[in-house]
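Number of protein chains: 2
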Amino acid sequence: MPVGLVPPDPAALFPVPGVRLGATAARIRKADRLDLLVVALDAGTRVAGVFTRNRFCAAPVSVAKEHLAGRSEIRALVVNTGNANAGTGEEGVRRARQTCEATAQLLGCAAEAVLPFSTGVVMESLPVERIVAGLPGALADLAPAHWGQAAEAIMTTDTCPKAISRRIMVDGVPVTITGISKGAGMIRPNMATMLGFIATDAPVGQVLLDEWVREVADQSFNCITVDGDTSTNDSLMLIATGRAPLPPIEDRRSPACAALRQAILDVAVFLAQAIVRDGEGATKFITVRVEGGKSREECRQVAFAVAHSPLVKTAFFASDPNLGRILAAIGYAGVEDLDVGGVRVHLGDVLVAERGARSPAYREEDGQRAMAEAEIVVAIYLGRGSAQATVWTCDFSYDYVRINADYRS
Amino acid sequence: MPVGLVPPDPAALFPVPGVRLGATAARIRKADRLDLLVVALDAGTRVAGVFTRNRFCAAPVSVAKEHLAGRSEIRALVVNTGNANAGTGEEGVRRARQTCEATAQLLGCAAEAVLPFSTGVVMESLPVERIVAGLPGALADLAPAHWGQAAEAIMTTDTCPKAISRRIMVDGVPVTITGISKGAGMIRPNMATMLGFIATDAPVGQVLLDEWVREVADQSFNCITVDGDTSTNDSLMLIATGRAPLPPIEDRRSPACAALRQAILDVAVFLAQAIVRDGEGATKFITVRVEGGKSREECRQVAFAVAHSPLVKTAFFASDPNLGRILAAIGYAGVEDLDVGGVRVHLGDVLVAERGARSPAYREEDGQRAMAEAEIVVAIYLGRGSAQATVWTCDFSYDYVRINADYRS
Numbered sequence: 001m002p003v004g005l006v007p008p009d010p011a012a013l014f015p016v017p018g019v020r021l022g023a024t025a026a027r028i029r030k031a032d033r034l035d036l037l038v039v040a041l042d043a044g045t046r047v048a049g050v051f052t053r054n055r056f057c058a059a060p061v062s063v064a065k066e067h068l069a070g071r072s073e074i075r076a077l078v079v080n081t082g083n084a085n086a087g088t089g090e091e092g093v094r095r096a097r098q099t100c101e102a103t104a105q106l107l108g109c110a111a112e113a114v115l116p117f118s119t120g121v122v123m124e125s126l127p128v129e130r131i132v133a134g135l136p137g138a139l140a141d142l143a144p145a146h147w148g149q150a151a152e153a154i155m156t157t158d159t160c161p162k163a164i165s166r167r168i169m170v171d172g173v174p175v176t177i178t179g180i181s182k183g184a185g186m187i188r189p190n191m192a193t194m195l196g197f198i199a200t201d202a203p204v205g206q207v208l209l210d211e212w213v214r215e216v217a218d219q220s221f222n223c224i225t226v227d228g229d230t231s232t233n234d235s236l237m238l239i240a241t242g243r244a245p246l247p248p249i250e251d252r253r254s255p256a257c258a259a260l261r262q263a264i265l266d267v268a269v270f271l272a273q274a275i276v277r278d279g280e281g282a283t284k285f286i287t288v289r290v291e292g293g294k295s296r297e298e299c300r301q302v303a304f305a306v307a308h309s310p311l312v313k314t315a316f317f318a319s320d321p322n323l324g325r326i327l328a329a330i331g332y333a334g335v336e337d338l339d340v341g342g343v344r345v346h347l348g349d350v351l352v353a354e355r356g357a358r359s360p361a362y363r364e365e366d367g368q369r370a371m372a373e374a375e376i377v378v379a380i381y382l383g384r385g386s387a388q389a390t391v392w393t394c395d396f397s398y399d400y401v402r403i404n405a406d407y408r409s
Numbered sequence: 410m411p412v413g414l415v416p417p418d419p420a421a422l423f424p425v426p427g428v429r430l431g432a433t434a435a436r437i438r439k440a441d442r443l444d445l446l447v448v449a450l451d452a453g454t455r456v457a458g459v460f461t462r463n464r465f466c467a468a469p470v471s472v473a474k475e476h477l478a479g480r481s482e483i484r485a486l487v488v489n490t491g492n493a494n495a496g497t498g499e500e501g502v503r504r505a506r507q508t509c510e511a512t513a514q515l516l517g518c519a520a521e522a523v524l525p526f527s528t529g530v531v532m533e534s535l536p537v538e539r540i541v542a543g544l545p546g547a548l549a550d551l552a553p554a555h556w557g558q559a560a561e562a563i564m565t566t567d568t569c570p571k572a573i574s575r576r577i578m579v580d581g582v583p584v585t586i587t588g589i590s591k592g593a594g595m596i597r598p599n600m601a602t603m604l605g606f607i608a609t610d611a612p613v614g615q616v617l618l619d620e621w622v623r624e625v626a627d628q629s630f631n632c633i634t635v636d637g638d639t640s641t642n643d644s645l646m647l648i649a650t651g652r653a654p655l656p657p658i659e660d661r662r663s664p665a666c667a668a669l670r671q672a673i674l675d676v677a678v679f680l681a682q683a684i685v686r687d688g689e690g691a692t693k694f695i696t697v698r699v700e701g702g703k704s705r706e707e708c709r710q711v712a713f714a715v716a717h718s719p720l721v722k723t724a725f726f727a728s729d730p731n732l733g734r735i736l737a738a739i740g741y742a743g744v745e746d747l748d749v750g751g752v753r754v755h756l757g758d759v760l761v762a763e764r765g766a767r768s769p770a771y772r773e774e775d776g777q778r779a780m781a782e783a784e785i786v787v788a789i790y791l792g793r794g795s796a797q798a799t800v801w802t803c804d805f806s807y808d809y810v811r812i813n814a815d816y817r818s
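Residue numbers (my numbering), protein chains in the order written: chain S, 1 to 409; chain G, 410 to 818.
Just so you know, the hints here were simulated from the structure itself, not pulled from any lab data. Be aware that a few hints might be false.
Stated by the list, open to error - If you want a taste of the chain G side facing chain S, the calculated C-beta under 8 Å gives, among others:
{"hint": "1", "residue": "Cys518"}
{"hint": "2", "residue": "Ala519"}
{"hint": "3", "residue": "Gly637"}
{"hint": "4", "residue": "Pro719"}
{"hint": "5", "residue": "Thr723"}
{"hint": "6", "residue": "Tyr741"}
{"hint": "7", "residue": "Asn813"}
Here the structure is a predicted model, which means the values were calculated and not measured. By construction, the Cβ of each residue, glycine as well, lies at the ideal position given by its N, Cα and C atoms.
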């Protein structure tokens, strides 16, 4: 059961003019589930992306990067679940290219105009023949309204599809932003998450789009962790079809630009948090906010140390305010000259620790009350500067072990 | 159930002339269990130690470091379990000092001659009055043969006491080395482990002893991890009573010296591995050996990334050769210029991956057979240099969650 997350209402997912989506059950790993998605983009669409920094990056990631760098106009994304096509060497790259070629042939565009994405089990051969066989079905399903199916088609151990829309006015013109994401395990994005696709009809220029995708990833997907495992397949795509009747948006100082960027960021943060809320075995949604650091980097170091500690995560699962575990994680986070006498820790509205020790005002029953919530904020003040960072994570339960001990079976 | 580890046979634990041990049940946290240990050292004994690098280091760690640095002769160690006296601020330091003072008074030595150690729950007040009340009982129990009780008295979530002896001949004189350790969770030592005490009657000079304790920690306790959580209380003490009838051992180039150092290292490696074999919820003992790196540091980075990955650890628990998870961990370990095409992975004697992908010769049934063992070696060849490193760890089971969700109750 995801924490504070319900399946999206299809009626609340607004089509983005210029984008059509089609999904099918191609039996890539399991029967009777959507596992192949094609996203077709109208001519004139601009696409920007960020990808995993895992050195074992997946074959489709290599091919997508190459196609994006080639700057031929991107006309389609093709996404399969059930197999990550990672740790598959040169044969994997060949199969990712075959997927692009088959899609391009059916759509009547160049293979370089197609970006491939895969997610699922690592180090197994991609059944490209099933993908090729499934493509006509996915294309027959193409429609602007199919964001809901698309969100479903990219799920792996997710228990809930993740999708959201925003509509804002830019210079009196309604602009739509709709995004989907997936991911529940192997989640500690380093550049982007497992898979996230955000589209808008705003005519955003390529330079600005490239900047935004990095900035947005940095403030959304790069702030989440489930298990600390950076995936081989993380990809975030930002798509601007330019179909809204607006002049090109290229000056980041314009007020319209700021509003649009904020709306895109809101969508990205929702999708990133949705991944944590549906994290494998999650029963709690935890925000770790670190303030008063010398740099954003050291704040992130501390936040991730707390968010990755199996001891902290199991204590949250147990709703046990065993808060010394948080202090221990702060202490080993790698801030070498940290003066623990300046550290303060809040759990929700409860002051837990100050001056390097338990606060005299702290009462166990207050800690217990704060731990019992399904959504918890841990606020840590380092007392040595003005930088800050926030990380979102979930707890560590029996179900995490069950899901990952069973995943392939 | 620890993996490949049985309780030590008390008859096989040799006394170390110059060392007496006494334990008692002081009711520090639980009734009816040994939880207070005094180790009394004869005059002339030399002691060297290494301690946690956690910035929230425990009060007894601060006091022990101070007393060791003072170079007054150390005459006793006092160790309690049930409470770590960490995250307890200045009041914690006061209580650690009170413990030393009470011990010193009973033994007739200076408070600075006593080193305090604590282990157990973090951020709770040390019940120093119970320790003081328990000390006479511990002292009444002092005897050279009590290493077995001592190993029991320092356990927390350990299911099995950890102790070992070696006897070697040095220049025709028998020399004894006996050591004990404890720890099962919050184990990712950075300098030393939770608690490890190794004593010998060899007359090792102080300079050499100080060097050895660091070198030995680096090749034993600093190579293990259970959950990646570096404790606030890690301490390793190396004790040389000098009672063996030998001239002072001060020249590290002498053959006698090499043999003694190796025997001490053997004891330390056994004790460190014993902690992993009895790691919280462990069902597998896993050796991660990384070879062919440019530096030992990058080999350790890769080994720890694999050893800490919850996805890898749950796959081991399930005996599921989901080996792509190992590749993914190698890929995100932070070796920025790693050429994955040069990476090779063996599981036991099975070649799993080569040239960045699954080996053509790999068969799932071979992987399954290797994963079914209780003790597994993962060998990773980076193919970029001649450095190597080994890390020992365990798997991640339901019981890890159970133990840590229940620990304080």
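Each hint tested on the structure:
1. Interface hint status for Cys518 of chain G: violated, as the beta-carbon distance to the closest one in chain S is roughly 30 Å, over 8 Å.
2. Interface hint at Ala519 of chain G: violated, since its Cβ lies 28 Å from the closest Cβ of chain S, which is beyond the 8 Å cut-off.
3. The interface hint given for Gly637 of chain G holds, since its Cβ lies 7 Å from the closest Cβ of chain S, which is under the 8 Å cut-off.
4. Contact between Pro719 of chain G and chain S, as hinted, is supported at the beta carbon level, the nearest pair being about 4 Å apart and thus within 8 Å.
5. Evaluation of the Thr723 of chain G hint against chain S yields a held restraint, the C-beta minimum of about 4 Å falling below 8 Å.
6. Annotation: interface hint on Tyr741 of chain G holds; nearest CB of chain S at approximately 4 Å, less than 8 Å.
7. A cut of 8 Å between beta carbons decides the hint on Asn813 of chain G: the least distance to chain S is about 4 Å, and the hint holds.
In this structure, the earlier hints numbered 1, 2 are contradicted, and the remaining ones agree with it.
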